[in-house]
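So the sequence lines, in the order shown, correspond to chains H and S. Each residue of the first sequence is one higher than the one before, starting from 1 at the first, in full-length UniProt numbering. Each residue of the second sequence is one higher than the one before, starting from 1 at the first, in full-length UniProt numbering.
Errors might be hidden in some of the hints.
Unchecked claim - Per label pair, the in silico range of CB-to-CB distance:
id, chain 1, residue 1, chain 2, residue 2, range
1, S, Asp106, H, Gly344, 39 to 45 Å
2, S, Thr42, H, Phe151, 47 to 53 Å
3, H, Pro111, S, Asp106, 41 to 47 Å
4, S, Gly68, H, Arg130, 30 to 36 Å
5, S, Val234, H, Pro52, 55 to 61 Å
6, S, Leu66, H, Gly195, 39 to 45 Å
7, S, Leu66, H, Phe71, 48 to 54 Å
8, H, Met278, S, Arg120, 38 to 44 Å
Rather than coming from a laboratory, the hints here were simulated on the basis of the structure. Cβ coordinates follow ideal geometry from the N, Cα and C atoms, glycine included.
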Amino acid sequence: MAKQDAPSLYAAREPIFPRRVKGRFRTLKWWIMAITLGIYYITPWIRWDRGPNLPDQAVLVDLAGRRFFFFWIEIWPHEFYFIAGLLIMAGLGLFLFTSALGRVWCGYACPQTVWTDLFILVERWIEGDRNARVRLWKSPWTLRKIRLRLFKWSVWLLIGLATGGAWIFYFADAPTLARDLVHLSAPPVAYTTMGILTATTFIFGGFMREQVCIYMCPWPRIQAAMMDEDTLTVAYRWWRGEPRGKGKNREGLGDCIDCYACVNVCPMGIDIRDGQQMACITCALCIDACDEVMERIGKPRGLIDYMALSDEKRELQGLPPKPIWQHVFRPRTILYTTLWSLVGVGLLVALFIRSPIDVTVAPVRNPLYVTLSDGSIRNTYDMRIRNMHGEAHPFNISLRGHPSLRLELEGTPYTTVTVPADQTYLQRVYVIAPKGSEPAQSERTAVRFWIEDTITGDRDYRDSTFFGANQ
Amino acid sequence: MSDKTTEKKSEQGYGTTGHSWDGIEEWNNPLPRWWLWTFYATVIWGLIYTILYPAWPLIDRATPGLLGYNSRLEVQEQIEAFKRKNAALEEKLASIDLNEIRSDADLYNYAIRSGAAVFRTNCAQCHGSGGAGAKGYPNLLDDEWLWGGTIEEIAYTVHHGIRNEQSPDARWSEMPAFGRDEILDEEQIANVVHYVLKISGQNHDAAMAAGGEQVFLDNCTSCHGEDGKGDPSVGAPDLTNAIWLYGGDEATLTETVTNGRFGVMPAWHEEFRPAGGLTDSQVNAVAAYVHQLGGGQ
Numbered sequence: 001m002a003k004q005d006a007p008s009l010y011a012a013r014e015p016i017f018p019r020r021v022k023g024r025f026r027t028l029k030w031w032i033m034a035i036t037l038g039i040y041y042i043t044p045w046i047r048w049d050r051g052p053n054l055p056d057q058a059v060l061v062d063l064a065g066r067r068f069f070f071f072w073i074e075i076w077p078h079e080f081y082f083i084a085g086l087l088i089m090a091g092l093g094l095f096l097f098t099s100a101l102g103r104v105w106c107g108y109a110c111p112q113t114v115w116t117d118l119f120i121l122v123e124r125w126i127e128g129d130r131n132a133r134v135r136l137w138k139s140p141w142t143l144r145k146i147r148l149r150l151f152k153w154s155v156w157l158l159i160g161l162a163t164g165g166a167w168i169f170y171f172a173d174a175p176t177l178a179r180d181l182v183h184l185s186a187p188p189v190a191y192t193t194m195g196i197l198t199a200t201t202f203i204f205g206g207f208m209r210e211q212v213c214i215y216m217c218p219w220p221r222i223q224a225a226m227m228d229e230d231t232l233t234v235a236y237r238w239w240r241g242e243p244r245g246k247g248k249n250r251e252g253l254g255d256c257i258d259c260y261a262c263v264n265v266c267p268m269g270i271d272i273r274d275g276q277q278m279a280c281i282t283c284a285l286c287i288d289a290c291d292e293v294m295e296r297i298g299k300p301r302g303l304i305d306y307m308a309l310s311d312e313k314r315e316l317q318g319l320p321p322k323p324i325w326q327h328v329f330r331p332r333t334i335l336y337t338t339l340w341s342l343v344g345v346g347l348l349v350a351l352f353i354r355s356p357i358d359v360t361v362a363p364v365r366n367p368l369y370v371t372l373s374d375g376s377i378r379n380t381y382d383m384r385i386r387n388m389h390g391e392a393h394p395f396n397i398s399l400r401g402h403p404s405l406r407l408e409l410e411g412t413p414y415t416t417v418t419v420p421a422d423q424t425y426l427q428r429v430y431v432i433a434p435k436g437s438e439p440a441q442s443e444r445t446a447v448r449f450w451i452e453d454t455i456t457g458d459r460d461y462r463d464s465t466f467f468g469a470n471q
Numbered sequence: 001m002s003d004k005t006t007e008k009k010s011e012q013g014y015g016t017t018g019h020s021w022d023g024i025e026e027w028n029n030p031l032p033r034w035w036l037w038t039f040y041a042t043v044i045w046g047l048i049y050t051i052l053y054p055a056w057p058l059i060d061r062a063t064p065g066l067l068g069y070n071s072r073l074e075v076q077e078q079i080e081a082f083k084r085k086n087a088a089l090e091e092k093l094a095s096i097d098l099n100e101i102r103s104d105a106d107l108y109n110y111a112i113r114s115g116a117a118v119f120r121t122n123c124a125q126c127h128g129s130g131g132a133g134a135k136g137y138p139n140l141l142d143d144e145w146l147w148g149g150t151i152e153e154i155a156y157t158v159h160h161g162i163r164n165e166q167s168p169d170a171r172w173s174e175m176p177a178f179g180r181d182e183i184l185d186e187e188q189i190a191n192v193v194h195y196v197l198k199i200s201g202q203n204h205d206a207a208m209a210a211g212g213e214q215v216f217l218d219n220c221t222s223c224h225g226e227d228g229k230g231d232p233s234v235g236a237p238d239l240t241n242a243i244w245l246y247g248g249d250e251a252t253l254t255e256t257v258t259n260g261r262f263g264v265m266p267a268w269h270e271e272f273r274p275a276g277g278l279t280d281s282q283v284n285a286v287a288a289y290v291h292q293l294g295g296g297q
């Protein structure tokens, strides 16, 4: 190939003008968009009364206080395994959905897809449907074009602003932050975060669109490893459609009339008739488009349909495709579901049996023991008591163990310590064995500390060891 | 079908890379142009960064960068910022009545935490990082104090030290070397040692102890008291309990009576140690810390 004939190493993005389409999958996608965006924008405004000194926001990530509030659940940093568990569930959930339904996440629920869909809706509302948009794109910069573009970009920016704005409401009291934002007295990080998210929403939803999925997102590459012959994907029945061709005379032609309806509605700008391809996010809009055409020309629906690779072989052999449920329920997906449920049940159990009191007891090992003037042996323990309530609570500490052992607390003649609200309190605890007693003369003796919240009555224990003089 | 796609792409002039693994081929698709622009943008960003921030290595240092950024300077600023934040607490700590310190929870918390740092830096070498001491270096965790274990007495000891030449107000006493200076003969020493073994509840020779009692009353009671329970005002230890600074066995006691003991602790306040001494607030902090280790009175 001569040098001047060599194709460029780089290609400009080819603009895509998805045509409006109606159908069952489009309707489903409208509903999913309404629900997911609704959840995203409204959640921070839901109030939840937790009593005094605690936030009344239902869902709140309190970074400064290192706390996560989710309705009646309060997660502290030491309970971060709940978040880890949720992430594992999210991962397993994606495995499950991908192996059963392919890129269903990409096609329906991914924020990139949902917001792009919303942006295209705005675009269509302002500039018209596909043909009008193509004309506008080709036309020189007239006053009308400038006006339409500025209007469209302004609406996009407003959506972006609302998106970035909603995000920061998850991290602070929403009504207070909203007021501060308007009065320009919110913390700089709020404005910065909002600015960045506004910009990414505007750019990704308005201009990058399918480029994000094809070139930036790692998920499509990973998904390929999780799909198999039974995974449902959007496919073209080429054995029914080919050879494609236009015209009334269908002699020797398949069902595909080459109308390009499937290509024109595709937000990824691909031709599904080329077969399974990386750029396909399985949004199923081509199914709606083709079904509409098939109905109009009086052919059966499903020239483009949800199908698994194994169905292609079966249909070529003249067998009917496997029913959907047989694709979905198979050992692999059942295994994923089982794992997913096990983690979920584990988390629920952990949530219900988690200790209402958080205490750690660490024996001070430098030195192991101290000999007192009367010859008794004393051990010291660092006890950290966390008060997870909004007001100060007195905690009573008691000791179970060898009857000769005596408990004392540093700095107080009593056995009760008052821990301030929302704090971890370090209390030095002494255990003393009288001279000549069994624990004083042995190497190790088991001890058990009981800690009781005297207001709620919650109690829990921690086991530790008493070191005697016989080391 | 796939042949058709290949044809179509080939018409655009890209084709495949020619690689084939198990029949899987790789498109030779062009990169998106915006990717190229992103690449250039990062190069430009990188160049600007190296101009603004320390970057290019020279022979003895790196280029300083136009912004004058320096990570050590940043640490210094952060330290200064914390000092400013703590200034009010430090001032309060320097002048507080130590007996009242526990009633101010914030100040007390600050004192024992900063006191722990002072202790680990200055005191741990002799008294151990846990305060358990060693032979000749008192254990700060138990309930016997040679010079008093109230928080104010501890602060005084830290401030002025013991038997040193630095502070004129250092705690001072001297146990005579009864044997070396020939105040007592060997028999008297052996007897008084057995008397001490007796009053501390250890195995002893009753006859020798009986003989030692008079020796003790004649020579030791001015400091250790008639009952042998010691006197914190002169740093004389209690000889009747289970705690021994040098050891309570016969050989060690004989050595102690024969040659005396002269344990020294430096004066830690900055008025006696121009380099590395402790400020008023540091003395108070470490006193508060030691006081709550388990032995405070």
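Discussion item. Output the indices of the hints that this structure fails to meet, ascending.
Written reply: Of the numbered hints, 2, 4, 6 and 8 do not hold.
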